[in-house]
Amino acid sequence: MENKKNTRIIFYGTPYFAVPSLKALVTEGYNVVAVVTAADKKAGRGMKLQMSDVKKAAIELNIPVFQPTNLKSDIFQETLKELNPTIQIVIAFRMLPVKVWDFPPMGTFNLHGSLLPKYRGAAPIHHAIINGEKETGITTFFLKHEIDTGNILLSDKCNIEETDTVGSVHDKLMLLGSKLVVKTMDGILDESIVEKEQKYTDSLPHAPKLSKEFCEIDWSKTAIENYNFIRGLNPFPVARTFLDGKILKIYFAEISDKKLNKPIDIEEDKLFIQCADTALKVTDLQLEGKKRMKAEDFLKGYSGELKLSC
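Residue numbers for the sequence shown follow numbering that gives the first Met the number 0, so the first one is 0 and each next one is one higher.
The hints are simulated quantities; they were obtained by calculation from the structure and are not laboratory data.
Any given hint could turn out to be false.
Derived pair list, reagent style SDA-like, types lysine to any residue, alpha-carbon separation capped at 25 Å [claimed, not checked]:
1. K22 - D39
2. K211 - K55
3. K211 - G43
4. K208 - E145
5. K3 - G43
6. K55 - L82
7. K220 - K299
8. K220 - K245
9. K211 - K98
10. K143 - K258
11. K41 - K4
12. K22 - K133
13. K258 - L298
14. K182 - L70
15. K143 - L95
16. K80 - K133
17. K211 - K4
18. K211 - L305
19. K133 - D276
20. K4 - V25
21. K143 - K257
22. K98 - G131
Distance ranges between label pairs, derived from CB positions [to be verified]:
23. E304 - T162: 18 to 24 Å
24. K293 - I58: 51 to 57 Å
25. D243 - D268: 14 to 20 Å
Computed from a predicted model, the values in this text were never measured in an experiment.
A virtual CB, placed ideally from N, CA and C, is assigned to each residue, including glycine.
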């Protein structure tokens with residue numbers, strides 16, 4: 000069995016989703032020799048350069064950070080040779096070229112936010128909620144050329160409650176994932192993991208990247224379909240429709256038993272929008288050019304025609 004301290008890990012990640020896994024590896028005594036993350040980006044009102052969450056964590060942990068703009072460059076390849084990794088771990092990072100992920104003797108594994116082979120793609124949590132799934136999970140697998148297709152190492156399940164959003168499920172999977180990454184490393188070192196080939200069919204749900212057009216609500220669908228759609232895009236990129244020609248983002252809504260005789264209506268300071276069967280009561284929204292607010296507060300100050308223009 001390889002010793003934890005002798006196992007040289009390069010960790011690839013950018014958003015906060017990857018931070019607990021990085022910290023868990025260090026806490027458990029693993030030797031993370033470097034972190035690779037996205038370049039600093041300008042953000043905020045002052046457009047100041049901002050570090051990624053993973054970079055901030057790496058600095059706190061005194062781990063060297065690399066931010067290559069070109070993963071195929073000779074300079075980065077030389078850096079990899081000098082770092083001499085035993086294995087690499089990828090969590091919420093861009094696609095690696097073959098000569099990067101195939102470089103270490105033990106390979107490279109990824110943490111994915113679904114129970115593979117279901118929901119391969121860039122937005123697995125979003126699509127699972129949109130499709131009304133009651134369960135999802137987290138999976139570690141070895142990288143291969145086709146995205147999200149490598150042999151499965153370990154997985155863990157997670158319930159999706161009726162009021163869960165992408166944000167709440169993201170946080171559940173983030174913590175589950177940190178434990179699974181350590182468990183995967185332990186299993187690789189003691190050779191207790193039996194790799195499983197993914198058995199994929201076209202009937203399994205996929206999780207493609209979300210476009211602005213995708214985020215538009217189709218009010219001809221049922222209330223439960225639109226309820227799941229809204230939850231599945233909260234807090235980002237947010238489901239939207241058009242009110243009086245302006246974008247209306249809807250963060251949350253509730254299914255009602257009301258049936259309206261028009262597309263949109265106000266009853267007792269409550270905002271209802273008709274779907275194919277019953278109406279949704281919109282509870283949390285943001286009109287273009289305004290801040291996010293509760294529906295009742297929005298109605299108090301809105302003087303428009305209140306007409307859907309989608």
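Checklist entry - Taking the CB of K293 and the CB of I58, does the distance hold inside 51 to 57 Å? => result violated (39 Å)
Checklist entry - Between K133 and D276, is the straight-line Cα distance small enough, at 25 Å or below? => result holds (22 Å)
Next on the checklist: Would the hint linking K22 and K133 be met if the CA-CA limit is 25 Å?
Outcome noted: violated (29 Å)
Next on the checklist: Can you confirm whether the C-alpha distance between K4 and V25 stays at or below 25 Å?
Outcome noted: holds (10 Å)
Next on the checklist: Check the hint pairing K55 with L82 against an upper bound of 25 Å on the C-alpha distance.
Outcome noted: holds (21 Å)
Next on the checklist: Hint check: K143 vs K257, CA-CA at most 25 Å. Holds or violated?
Outcome noted: violated (51 Å)
Next on the checklist: Would the hint linking K211 and K98 be met if the CA-CA limit is 25 Å?
Outcome noted: violated (34 Å)
Item to check | Hinted pair K208 and E145, Cα distance within 25 Å | outcome: holds (16 Å)
Item to check | Restraint check for K22 with D39, where alpha carbons must lie at most 25 Å apart | outcome: holds (21 Å)
Checklist entry - Range hint 18 to 24 Å: satisfied by the CB atoms of E304 and T162? => result Since E304 and T162 have Cβ atoms about 32 Å apart, the given range 18 to 24 Å is violated.
Next on the checklist: Check the hint pairing K98 with G131 against an upper bound of 25 Å on the C-alpha distance.
Outcome noted: Roughly 39 Å separates the two Cα atoms, so the pair is violated.
Item to check | Restraint check for K211 with G43, where alpha carbons must lie at most 25 Å apart | outcome: holds (22 Å)
Taken one by one, the earlier hints fail for this structure at numbers 2, 5, 7, 9, 10, 11, 12, 14, 16, 17, 21, 22, 23 and 24, listed in ascending order.
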